[in-house]
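Protein chains: 2
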Amino acid sequence: MAKNITPRGVNFSEWYQDVIKAGELADHSPVKGCMVIRPDGYAIWEQMQAKLDRRFKELGHVNAYFPLLIPESFITKEAEHVEGFAPELALVTHAGGKELEERLAIRPTSETIIGHMYAKWVQSYRDLPVLINQWANVMRWELRTRMFLRTTEFLWQEGHTAHETYDEAQEETLKMLEVYRWFLEDICAIPVIAGAKPEHEKFPGALTTYAVEAMMQDGKALQSATSHNLGQNFAKAFEILFLDRDNQQQHCWTTSWGSTTRMIGALIMTHGDDDGVIIPPRLAPTQVVIVGLWKNEAEKVGVVAHVEAIRAEIAKVLDPLKIKLDLRDNLRPGDRFFTWIQKGVPLRIEVGPKDVENEAGLSVRRDERTKEAISLGQMAQRVPQLLEEIQANLYAKALAYRAQKTQKIDDYQTFKTFMDGEGGFALAHWDGTKETADKIQEETKATIRVLLPIEGEESGVCMISGKPSKRRVIFSKAY
Amino acid sequence: MAKNITPRGVNFSEWYQDVIKAGELADHSPVKGCMVIRPDGYAIWEQMQAKLDRRFKELGHVNAYFPLLIPESFITKEAEHVEGFAPELALVTHAGGKELEERLAIRPTSETIIGHMYAKWVQSYRDLPVLINQWANVMRWELRTRMFLRTTEFLWQEGHTAHETYDEAQEETLKMLEVYRWFLEDICAIPVIAGAKPEHEKFPGALTTYAVEAMMQDGKALQSATSHNLGQNFAKAFEILFLDRDNQQQHCWTTSWGSTTRMIGALIMTHGDDDGVIIPPRLAPTQVVIVGLWKNEAEKVGVVAHVEAIRAEIAKVLDPLKIKLDLRDNLRPGDRFFTWIQKGVPLRIEVGPKDVENEAGLSVRRDERTKEAISLGQMAQRVPQLLEEIQANLYAKALAYRAQKTQKIDDYQTFKTFMDGEGGFALAHWDGTKETADKIQEETKATIRVLLPIEGEESGVCMISGKPSKRRVIFSKAY
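These protein sequence lines map, in sequence, to chains R and H.
Quick note: the first sequence uses full-length UniProt numbering, first residue 1, plus one each step.
Quick note: the second sequence uses full-length UniProt numbering, first residue 1, plus one each step.
Bound-form chain R, shown alone:
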């Protein structure tokens, strides 16, 4: 049991902070609400970036970079947008030793400045679609911050596309939602539910907002990425016009979609255990660590050579940069193992003098701690298999946990008891009004995460108002 980590059952929130500290993933910074992403945390973000970026490009998107600072007047151009973001802006008022004529906001998101540029670039339907993504830092002044989950500054990608028709914009919105579902489930091993947000929870300025919602190990929901159909709202505010195929001037239909360093928080709270974080193999910056063990210099020579031989064998099938060697001799073996456990490396291979003799190594899985001797000749075959088994196991466990904590609920008393207790996802009927949602949130802290798809859903009546409901929605307390 890790001495530096509060068990999840004692205090989940402290556990989360402890795990981040123990794994050296991030640190507090001297700037209120801002964090430092340490190398071991940033390496996870780099893997996320690489996987998502490749997928975006396969789907025809290109990257670009727009300014950090946005004139305050831009943000006020779209009415709902300003209402949503104005309270959270950080403003530059002085620069180069002078007071500025117009205050500049550090971007909280870039629809406005990108909309302004698209208006310059797009003239005709031949210029469409525009499929641009940006990797950037953004800032939203938050009062209560929590590492990775909610920080004043965070890193993200924001896709911004412009299209000829509503249908194309809607197709793009759902396509990118599916990219996020794929990424979270297939790469991060985090089961998610993808669906539309209720009207009152949508992105400021959007027509419809879709999100992928995951369940953390405390039963709370975490919105892990969002995709918005912005309709013609921003195109009208920024005059993104084009000549259509009939030579008529039209406003474009735009979308935006984003995912952030928050996903690292989702990863930690989905897979971590009382000893620390567990990184799923497909995402892990270090997939395998080979730890050499010896008592004296004579043993060391043979062990180091054998460790190198195992690495060479595994490097035939894995990216060599994802294999680490631990040949430190200033720490006891147990402490050395613990470093890698707390960093969440999915597979450890221990190599001592006996293993040199036997031409083998002892693999230890991070998820189940199960051990298995693997001969040198079998490494290239068995290690990738084990990594896939770990990947599948992490997903299966998270899925089972979510299933166990998800319940159809039809009456409000049961709902309140459910939310007062261990919580989880309640699938309930709701009358579609903000008033009812607000009342439920006030009384239980639960919010509507996403609407379930209409297909296959039974209709019913709202558990509060008794009014008809076409489908269930997911209620949960949330981060």
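It should be emphasised that the hints constitute simulated quantities derived from the structure, not laboratory data.
The beta carbon of each residue, even a glycine, is placed where N, CA and C say it ideally should be.
A few of these clues could be false.
Non-contacting residues of chain H with respect to chain R, defined by C-beta distances greater than 12 Å in every case (computed) [claimed, not checked]:
#: 1; residue: H251
#: 2; residue: S375
#: 3; residue: K405
#: 4; residue: E435
#: 5; residue: P468
Below, computed lysine to any residue pairings styled on SDA-like, alpha-carbon distance capped at 25 Å [as the list claims (entries may be wrong)]:
#: 6; chain 1: H; residue 1: K300; chain 2: H; residue 2: R282
#: 7; chain 1: R; residue 1: K120; chain 2: H; residue 2: E14
#: 8; chain 1: H; residue 1: K324; chain 2: H; residue 2: D275
#: 9; chain 1: R; residue 1: K175; chain 2: H; residue 2: A43
#: 10; chain 1: R; residue 1: K51; chain 2: H; residue 2: A315
#: 11; chain 1: H; residue 1: K120; chain 2: R; residue 2: E72
#: 12; chain 1: H; residue 1: K32; chain 2: R; residue 2: A119
#: 13; chain 1: H; residue 1: K21; chain 2: H; residue 2: R311
#: 14; chain 1: H; residue 1: K32; chain 2: R; residue 2: K322
#: 15; chain 1: R; residue 1: K316; chain 2: H; residue 2: A315
#: 16; chain 1: R; residue 1: K300; chain 2: R; residue 2: N358
#: 17; chain 1: H; residue 1: K57; chain 2: H; residue 2: L155
#: 18; chain 1: R; residue 1: K51; chain 2: H; residue 2: I323
#: 19; chain 1: H; residue 1: K470; chain 2: H; residue 2: A196
#: 20; chain 1: R; residue 1: K236; chain 2: H; residue 2: H28
#: 21; chain 1: R; residue 1: K322; chain 2: H; residue 2: Q47
#: 22; chain 1: H; residue 1: K3; chain 2: R; residue 2: W156
Here are the in silico distance ranges between beta carbons for each label pair [what the hints assert, rightly or not]:
#: 23; chain 1: H; residue 1: W182; chain 2: R; residue 2: V304; range: 26 to 34 Å
#: 24; chain 1: R; residue 1: G96; chain 2: H; residue 2: R126; range: 39 to 47 Å
#: 25; chain 1: H; residue 1: E46; chain 2: R; residue 2: G96; range: 27 to 35 Å
#: 26; chain 1: R; residue 1: E457; chain 2: H; residue 2: A305; range: 42 to 50 Å
#: 27; chain 1: H; residue 1: A305; chain 2: R; residue 2: Q232; range: 53 to 61 Å
#: 28; chain 1: R; residue 1: L143; chain 2: H; residue 2: R144; range: 53 to 61 Å
#: 29; chain 1: R; residue 1: D167; chain 2: H; residue 2: R144; range: 46 to 54 Å
#: 30; chain 1: H; residue 1: A50; chain 2: R; residue 2: Q232; range: 15 to 23 Å
#: 31; chain 1: R; residue 1: D431; chain 2: H; residue 2: Q17; range: 33 to 41 Å
#: 32; chain 1: R; residue 1: P468; chain 2: H; residue 2: E102; range: 49 to 57 Å
#: 33; chain 1: R; residue 1: D420; chain 2: H; residue 2: A50; range: 46 to 54 Å
#: 34; chain 1: H; residue 1: T76; chain 2: R; residue 2: D431; range: 54 to 62 Å
#: 35; chain 1: H; residue 1: Q17; chain 2: R; residue 2: S73; range: 22 to 30 Å
#: 36; chain 1: R; residue 1: E388; chain 2: H; residue 2: A478; range: 50 to 58 Å
Assemble the complex: chain R is given as a structure, and chain H must be docked to it using the hints.
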């Protein structure tokens, strides 16, 4: 001749702006001094990042992320540092609807906040060296801006390392200088001179600053990357202390080194011609474009199939993402060729009905416009050869240009005439004082770019003061 580009000989500065616009590399933004890096420009930056990042990691560095905002008080902690950067700061004074207690600067560089964190993380010599790099945006409020070369906000990488001894820090400083030399010369095909900056031109707070200087096609120098030995200056200001091997508390020795989107400007001004930019093959996001040409639908079928066959052949040896197909039928062939010329794609392959018959394609080099028919079967062999020939040619031409514009000068009258004329690099003796350098700059606009290595250099006397000089230095007008 490109109608949308002013010839270099007419106005180099207008040529530079025109080339960027024609190649759709960047655009002006509505925020004073900030630019938008458009997809075709950003793709070059992505290639630069990929090449440098891999090299940094091979040398043991890891990436991390530190906050964008730095308390104003941090920047004032190192005396020279504040003097250098305070006039250029952009300051956040209001956030979340309130005035802040302490003003926060948008980072102009991150030595201070990173120094603060290193002081927390480093305890013992066992924690050293710390080898961290950051990819980030920074801001320096500039009055006169120019796309890529000098913008208020720019993108860069900043490496920050901490070491046990001066010697190790010095070794790191020179090692990273060499990485920049390698990158600029071997990847970007830009010849550079690497050397120390004179005392009065060093980074604010550094012990010694080294730079790589390139010559642009107007004879001016462009500082393309810098590497600083910071001595113990920042370690003392931020109390980065460690217990050494003798159990004594010591201040670390730190370094920092950086390169920016300015290198894209260097690339344009080194290789561009009157028709636009030329991207060296090793850096090019698109290395080859295959243009299909037809007059009717019947021809089109065969041409498209042949274009695909050529792509498949080349994809055997090149990254498939770096091969583009041009199968547009709404533009004339000449206009289609011109798109790729202006984007600087190093090799174009034209495919018409005759080429289908002959099972070949016509390659056209971007640098020399030379044409060569290549049979389908030879593509996988000849295309990479041609790309390497283009790479070598671009470097050789730039080197020859620099040689032709570089002169040893020993008397000040000749020097003045040289700088008043076409300019270039003057290798001259200088007495080592700021006074003399200032006088020369005032009278000729030329500054000292770097000191030449002492080895192999003859000593002499300063062309102004007649005082002894151990080595020549490079004078030039500069960006």
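A quick look at each hint next to the structure:
1. H251: holds (20 Å)
2. S375: Correct as stated: the minimum Cβ-Cβ distance to chain R is 31 Å, above 12 Å.
3. K405: At about 33 Å from chain R, K405(H) clears the 12 Å cut-off, so the statement holds.
4. E435: holds (27 Å)
5. P468: Since the minimum Cβ distance to chain R is about 41 Å, P468(H) lies beyond 12 Å and the statement holds.
6. K300(H) - R282(H): violated (32 Å)
7. K120(R) - E14(H): holds (21 Å)
8. K324(H) - D275(H): Within the cut-off at roughly 20 Å; holds.
9. K175(R) - A43(H): holds (23 Å)
10. K51(R) - A315(H): Given that 25 Å is the threshold and the Cα spacing comes to 22 Å, the pair holds.
11. K120(H) - E72(R): Roughly 37 Å between the alpha carbons, so the hint for K120(H) and E72(R) is violated.
12. K32(H) - A119(R): Distance of about 18 Å is within 25 Å: holds.
13. K21(H) - R311(H): violated (29 Å)
14. K32(H) - K322(R): violated (43 Å)
15. K316(R) - A315(H): holds (23 Å)
16. K300(R) - N358(R): Given that 25 Å is the threshold and the Cα spacing comes to 16 Å, the pair holds.
17. K57(H) - L155(H): holds (19 Å)
18. K51(R) - I323(H): holds (21 Å)
19. K470(H) - A196(H): Within the cut-off at roughly 14 Å; holds.
20. K236(R) - H28(H): holds (22 Å)
21. K322(R) - Q47(H): Holds - the C-alpha atoms of Q47(H) and K322(R) are around 22 Å apart, at most 25 Å.
22. K3(H) - W156(R): violated (40 Å)
23. W182(H) - V304(R): 26 to 34 Å: holds (31 Å)
24. G96(R) - R126(H): 39 to 47 Å: 44 Å Cβ-Cβ, so the 39 to 47 Å window holds.
25. E46(H) - G96(R): 27 to 35 Å: holds (30 Å)
26. E457(R) - A305(H): 42 to 50 Å: Distance hint for E457(R), A305(H) holds at roughly 48 Å.
27. A305(H) - Q232(R): 53 to 61 Å: violated (40 Å)
28. L143(R) - R144(H): 53 to 61 Å: violated (40 Å)
29. D167(R) - R144(H): 46 to 54 Å: holds (47 Å)
30. A50(H) - Q232(R): 15 to 23 Å: With a Cβ separation near 37 Å, A50(H) and Q232(R) fall outside 15 to 23 Å, so the hint is violated.
31. D431(R) - Q17(H): 33 to 41 Å: The hinted range 33 to 41 Å is violated for D431(R) and Q17(H), with Cβ atoms some 59 Å apart.
32. P468(R) - E102(H): 49 to 57 Å: 55 Å Cβ-Cβ, so the 49 to 57 Å window holds.
33. D420(R) - A50(H): 46 to 54 Å: holds (52 Å)
34. T76(H) - D431(R): 54 to 62 Å: At roughly 58 Å between Cβ atoms, D431(R) and T76(H) fall inside 54 to 62 Å, so the hint holds.
35. Q17(H) - S73(R): 22 to 30 Å: Check passed, 27 Å falls within 22 to 30 Å.
36. E388(R) - A478(H): 50 to 58 Å: Because 56 Å falls inside the window, the suggested range holds.
Checked against the numbered hints above, the structure breaks hints 6, 11, 13, 14, 22, 27, 28, 30 and 31 and satisfies the rest.
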